[in-house]
Amino acid sequence: MTGPLADLKVVEVAGIGPAPFATMLLADLGADGVRNDRPGHPSNPVPPEHDFHNCGRPSIELDLKDPDGAATARRLTAHADDGIEGYRLG
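Residues in the sequence shown are numbered consecutively from 1, following full-length UniProt numbering.
If you are wondering where the hints come from, they were derived from the structure by calculation, not from laboratory data.
Be a bit skeptical, because a hint or two may be false.
Derived CB-CB ranges, DEER-like [said to hold, decoys possible]:
| no. | residue 1 | residue 2 | range |
| --- | --- | --- | --- |
| 1 | Ala-78 | Gly-3 | 19 to 27 Å |
| 2 | Pro-67 | Asp-7 | 13 to 21 Å |
| 3 | Asp-81 | Phe-21 | 14 to 22 Å |
| 4 | Ala-78 | Ala-6 | 15 to 23 Å |
| 5 | Asp-68 | Gly-30 | 18 to 26 Å |
| 6 | Ala-6 | Lys-65 | 27 to 35 Å |
| 7 | Gly-17 | Arg-74 | 17 to 25 Å |
Heads up, the beta-carbon is just placed ideally off N, CA and C, and yes, glycines get one too.
Make a model of the complete structure from these sequences and hints.
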């Protein structure tokens, strides 16, 4: 997709709420992004094909508590211009 943010790379590690919406808006403006979902646990009870927040970017499943998942997340964010996370503290 082309747009004013076509050169921006974004990694999202968020569940529900304003973070996925913000990333969706960035994708609508041309940003290239990827969303991380927890393995085996849908972050949203809405099926993916009906969730408009998921449009415009692919999704991967990484367990950030697993050393391999955390290492993959670090590699992704090393090449990103921005990271968005919306988890609560702790």
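To see whether the hints hold, each was checked on the structure:
{"no.": "1", "hint": "Ala-78 x Gly-3: 19 to 27 Å", "result": "holds (24 Å)"}
{"no.": "2", "hint": "Pro-67 x Asp-7: 13 to 21 Å", "result": "violated (32 Å)"}
{"no.": "3", "hint": "Asp-81 x Phe-21: 14 to 22 Å", "result": "holds (19 Å)"}
{"no.": "4", "hint": "Ala-78 x Ala-6: 15 to 23 Å", "result": "holds (20 Å)"}
{"no.": "5", "hint": "Asp-68 x Gly-30: 18 to 26 Å", "result": "violated (32 Å)"}
{"no.": "6", "hint": "Ala-6 x Lys-65: 27 to 35 Å", "result": "holds (34 Å)"}
{"no.": "7", "hint": "Gly-17 x Arg-74: 17 to 25 Å", "result": "holds (24 Å)"}
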